[in-house]
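Model the full assembly from the supplied sequences, consistent with the hints where possible.
First to last, the protein sequences are chains A and B.
Each residue of the first sequence is one higher than the one before, counting from 1 in this note's numbering.
Each residue of the second sequence is one higher than the one before, counting from 1 in this note's numbering.
Hint data in this document are derived by calculation from the structure and do not stem from the laboratory.
Please note that a few of the clues may not be correct.
List of simulated lysine-lysine pairs, BS3-like, C-alpha gap at most 30 Å [stated by the list, open to error]: (1) LYS53(A) x LYS819(B); (2) LYS71(A) x LYS819(B); (3) LYS819(B) x LYS8(A); (4) LYS51(A) x LYS345(B); (5) LYS240(B) x LYS304(B).
Covered by chain B, per the in silico footprint, the following chain A stretches (three or more residues, Cβ under 8 Å) [what the hints assert, rightly or not]: (6) 1–7; (7) 12–23; (8) 59–68.
Across the chosen pairs, the derived CB separations fall in these ranges [as the list claims (entries may be wrong)]: (9) GLU523(B) x SER67(A): 57 to 63 Å; (10) GLY800(B) x GLN28(A): 51 to 57 Å; (11) GLU948(B) x SER67(A): 50 to 56 Å; (12) GLY439(B) x GLN25(A): 41 to 47 Å; (13) LEU40(A) x GLY800(B): 29 to 35 Å; (14) PRO319(B) x LEU40(A): 18 to 24 Å; (15) ALA68(A) x GLY864(B): 40 to 46 Å; (16) ARG36(A) x ARG625(B): 19 to 25 Å; (17) GLN25(A) x LYS866(B): 55 to 61 Å.
Note that beta-carbon positions come from the ideal geometry of N, C-alpha and C, so glycine has one too.
This is what each chain is made of:
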Amino acid sequence: MQTETLIKMANQIGDFFEAEPNQTQAQQDIANHLNRFWTLDMRSQLAAYVKEKSGAGLHQQVISAISAHLKV
Amino acid sequence: MDDIEYTKSKYVVPNYVPNPDYGTPKKHSEKLVTLNIDGVDIGVPEGSSIMYAAQLSGVSVPKLCATDSLEPFGSCRLCLVEIEGRRGYPASCTTPVAEGIKVHTQTSKLADIRRGVMELYISDHPLDCLTCAANGDCELQDMAGAVGLREVRYGYEGKNHLKAEKDETNPYFTFDPSKCIVCSRCVRACEETQGTFALTIEGRGFGSKVSAGNKDFMDSECVSCGACVQACPTATLMEKTVIEAGTPEHAVTTTCAYCGVGCSFNAEMKGEEVVRMTPNKDGGANHGHSCVKGRFAWGYATHKDRITTPMVRKSIHDPWQEVSWDEAINYAASEIKRIEAKYGKDAMGGITSSRCTNEEVYVTQKLVRAVFGTNNVDTCARVCHSPTGYGLKQTLGESAGTQTFDSVMKSDVIMIIGANPTDGHPVFASQMKRRLREGAKLIIADPRAIDLVENSPHVHADYHLNLRPGTNVALISALAHVVVTEGLVKEGFVKERCEWDSFVAWRDFVAKPENSPEALEKELGVKAQTMREAARLFATGGNGAIYYGLGVTEHSQGSTMVMGIANLAMATGNLGREGVGVNPLRGQNNVQGSCDMGSMPHEFPGYRHVSDDTTRALFEAAWGRPLSNEPGLRIPNMLDLAGEGRFKALYCVGEDIAQSDPNTQHVTHALESMECVIVQDLFLNETAMYAHVFFPGASFLEKNGTFTNAERRISPVRRVMSPKNGMEDWEITTKLSEALGYPMQYNHASEIMDEIAALTPTFKGVSFKKLDELGSIQWPCDDENPAGTPTMHVDEFVRGKGKFFVTQYVPTSEKVNAKYPLIMTTGRILSQYNVGAQTRRTKNVEWHHEDVVEIHPHDAEERGIKQGDWIGITSRAGETVLRATITERVQPGVIYTTFHHPESGANVITTDNSDWATNCPEFKVTAVQVSREHQLSDWQKHYQTFAEAQIAFANNKLSKKAQQPA
Chain A
1 MQTETLIKMA NQIGDFFEAE PNQTQAQQDI ANHLNRFWTL DMRSQLAAYV
51 KEKSGAGLHQ QVISAISAHL KV
Chain B
1 MDDIEYTKSK YVVPNYVPNP DYGTPKKHSE KLVTLNIDGV DIGVPEGSSI
51 MYAAQLSGVS VPKLCATDSL EPFGSCRLCL VEIEGRRGYP ASCTTPVAEG
101 IKVHTQTSKL ADIRRGVMEL YISDHPLDCL TCAANGDCEL QDMAGAVGLR
151 EVRYGYEGKN HLKAEKDETN PYFTFDPSKC IVCSRCVRAC EETQGTFALT
201 IEGRGFGSKV SAGNKDFMDS ECVSCGACVQ ACPTATLMEK TVIEAGTPEH
251 AVTTTCAYCG VGCSFNAEMK GEEVVRMTPN KDGGANHGHS CVKGRFAWGY
301 ATHKDRITTP MVRKSIHDPW QEVSWDEAIN YAASEIKRIE AKYGKDAMGG
351 ITSSRCTNEE VYVTQKLVRA VFGTNNVDTC ARVCHSPTGY GLKQTLGESA
401 GTQTFDSVMK SDVIMIIGAN PTDGHPVFAS QMKRRLREGA KLIIADPRAI
451 DLVENSPHVH ADYHLNLRPG TNVALISALA HVVVTEGLVK EGFVKERCEW
501 DSFVAWRDFV AKPENSPEAL EKELGVKAQT MREAARLFAT GGNGAIYYGL
551 GVTEHSQGST MVMGIANLAM ATGNLGREGV GVNPLRGQNN VQGSCDMGSM
601 PHEFPGYRHV SDDTTRALFE AAWGRPLSNE PGLRIPNMLD LAGEGRFKAL
651 YCVGEDIAQS DPNTQHVTHA LESMECVIVQ DLFLNETAMY AHVFFPGASF
701 LEKNGTFTNA ERRISPVRRV MSPKNGMEDW EITTKLSEAL GYPMQYNHAS
751 EIMDEIAALT PTFKGVSFKK LDELGSIQWP CDDENPAGTP TMHVDEFVRG
801 KGKFFVTQYV PTSEKVNAKY PLIMTTGRIL SQYNVGAQTR RTKNVEWHHE
851 DVVEIHPHDA EERGIKQGDW IGITSRAGET VLRATITERV QPGVIYTTFH
901 HPESGANVIT TDNSDWATNC PEFKVTAVQV SREHQLSDWQ KHYQTFAEAQ
951 IAFANNKLSK KAQQPA
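What follows is the structure, given as structure tokens:
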């Protein structure tokens, strides 16, 4: 899948949890959402993108969530 | 199940007699009143009429103007009775029962009066009974017999109505005033049952006549719901199908296949031919009412466009080849095996549809999960109510609406957000209008002035929050801000029923100044004061109920808005009892059911995540196959991957993604890129034009199963005619499964439901047998609730404590600019249904034969656009050309259209933008420019050529005979 599509979708998820007062929880929630609703391929592709390209274009909180909690 | 208990004949009731007519509506009172009628004591609820009590005790009082769907009127003077100790001859329909009275319904004096009345009626009525369409089904005829009318002393020489002109303009029924007895049943049905007030009695005395506002029926306000036809005691209003075919000889109770109201109907039959569909008085969702689609628009089932023989082809550029079922199934199976071997199982998937029964959806997702070996199964709820599933599960704990439709009769304040019930859910709208006429308050949040705003007689919105498309979440925050900052929260409810910490976080968030109506009024385009007043009304006006539709879900923040609605309902204590609740109005008949049946890629039936080991083990044991613990692809993901050459095979049952899904060109590119597209449908739909295998499907009249409506009501669908394609849809899926090496052993749809019940806690007590007994069941149906659950979350939420979510407004990325300065939003109209595959093949096209664009006079004038002009609509995704209609229903800066006709290309314009949580497309917000145009768009020209070629491929298909060597 095009990485741009994944970035856009992941950032939208990040946007929702941005208002969460507990940002540690928000990181967990972002990753949980990806784990529960995205296929393993989509998650792996995004994780690889974060690793290889430092997640350029992704919101910082999304990058942190992926790095810390994403199941791949 | 020991043997095949359910067969077609099980449901047939020979010598069909319609539901008994008690003359006046049933009254509800705990106090029983006992009276004596013709020597027999009978107890009835206080407030009942004498006519009702008589009918209940088995005594039929002659009547003409009374019927139990309408309040009594007392005009025909046939139902007179004598009451001991009272003077005169009161009408039994308008006289309430009283304790201890003695009533006589048959005396010589009453007989004289009744004969006299009937004589007058008959003196102005044609005596063509033998050739009349109502012969044998005419209450006037029955009453003439009942009162013993033997002669009519008044001749036809005087003035009469016998030559009154017949109105045949409505495609489904005729109006013959020469047969009218002016009983007003039609007028009252239009008012009380439907709430349209299209009919009236015009003139006085002898000149009194039923009139559709001095117009013919087609040009009048009539919405063709048929309530008047059903109420008419003579042949004055008569279905054209009955005129053509005669009266039915048996009937089968089944469920409508159109919208999410899920009306119960009696299919009245002659052999295997439907003569008419009559709404079932005992129907839990519709109580004997219907709309133009359910009652009349079923002719598509026998339309000449039906494809009834399987077809295959190697390439979509080849003509179709007609083959046997075995050949088609084996070819499809071999392609699936080939693609699996070449590309892997994750390159395959299935799409189920809300137009299919629960049983069909269940076997399709089972096929994909257990046999394809992937969770790549999704359903069309993806593009409509997937945010409802997500949002309500998160906040309340269950992915379903909380109420029954009847609950609205106890609502004091009704808030409608992004729904248009009079067009999309007409039978429920009639019930809602009844409550509004009784005095309930109405708040409407919609960019467009839907009919309920001020275009429905005796109903108007107290507040119309005509927000800009895409600003829903800002609106719900502004309303919540008022509730929180003005001290209107029901803290007792919140403390007892909800997670307090989540409430505090939400309260502090919505209380921020940036969420005040004043701060958001510019963004929303709604006056702050109006929002404040609406919020106060909702929070303090008594029982508050929220009804919402796709105007909530089909946004980039669809799920956020659903959670915002649940937040507001919890904060105001409007959950867990009748009259309140969060009520998603589902678009199609089985949206709720298709989601319940596990057709989302991340969850098994009953909304249990595929990663849940216990659930997965349960299904693995039952199905005997290993199952993946990873979520599969959603429809938009499948299409994205297909376009990139990584998704190769699709089994699409009853769904038409090439028309209904956004960004048509993206969808068709994806379909063209696949190697095996299998479509199962009634017609060569838009998706089938890109298919390699076509399995002809069966209509709802040709199969057994169940549909689950918007109030979680599981209702039976019953086979009334043999499938033209040879088998029911679940049988096709199981044949494909068998060809893939996994036989599914079902003899009847009821056995599939038995399996669903065995594996799904909320369906534990559901069976076809129980549906026969109860008529319908609202899930959860389990040991605790053996008869179902009309109202959810009564003592506690399904998730335990309700959870508030902070719902930050994030404007959509689909923004207007100088190039695309207008917002296009989409919706539905009454006479058409979804992609129109069914309704376009009925006479409903007489109301809506093309999709048009509504544009505000200001925007039209700026562009030199006049009423009826062709206008080009261009978005970032594509361009199409439609005819304009200029109206102030839409606000300046917003245009509106429907997508019922494929050549309109409404979805050529909509974009890939989608909801953050579920990928539900943002159909409701597309930035566009419009201009006058004189020719079709490039896409439309290409579509015309392509569609013509594809239809020719199907019409000129190579028959098996033609292929055989001479």
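Hints, one by one, checked against the model:
1. LYS53(A) x LYS819(B): violated, 33 Å
2. LYS71(A) x LYS819(B): Roughly 42 Å between the alpha carbons, so the hint for LYS71(A) and LYS819(B) is violated.
3. LYS819(B) x LYS8(A): At roughly 23 Å apart (the allowed maximum being 30 Å), LYS8(A) and LYS819(B) satisfy the hint.
4. LYS51(A) x LYS345(B): Cα-Cα ~28 Å, so holds.
5. LYS240(B) x LYS304(B): Roughly 20 Å separates the two Cα atoms, so the pair holds.
6. 1–7: As far as the segment 1–7 of chain A goes, the hint holds, because 3 residues have Cβ atoms under 8 Å from chain B.
7. 12–23: holds (count 8)
8. 59–68: violated (count 0)
9. GLU523(B) x SER67(A): 57 to 63 Å: The hint (57 to 63 Å, Cβ to Cβ) is violated, given that GLU523(B) and SER67(A) are roughly 35 Å apart.
10. GLY800(B) x GLN28(A): 51 to 57 Å: Check failed, 20 Å falls outside 51 to 57 Å.
11. GLU948(B) x SER67(A): 50 to 56 Å: holds, 54 Å
12. GLY439(B) x GLN25(A): 41 to 47 Å: holds, 45 Å
13. LEU40(A) x GLY800(B): 29 to 35 Å: holds, 31 Å
14. PRO319(B) x LEU40(A): 18 to 24 Å: violated, 41 Å
15. ALA68(A) x GLY864(B): 40 to 46 Å: violated, 58 Å
16. ARG36(A) x ARG625(B): 19 to 25 Å: Hint holds: Cβ distance 23 Å, inside 19 to 25 Å.
17. GLN25(A) x LYS866(B): 55 to 61 Å: holds, 57 Å
The structure fails hints 1, 2, 8, 9, 10, 14 and 15 (numbered hints given earlier, in ascending order).
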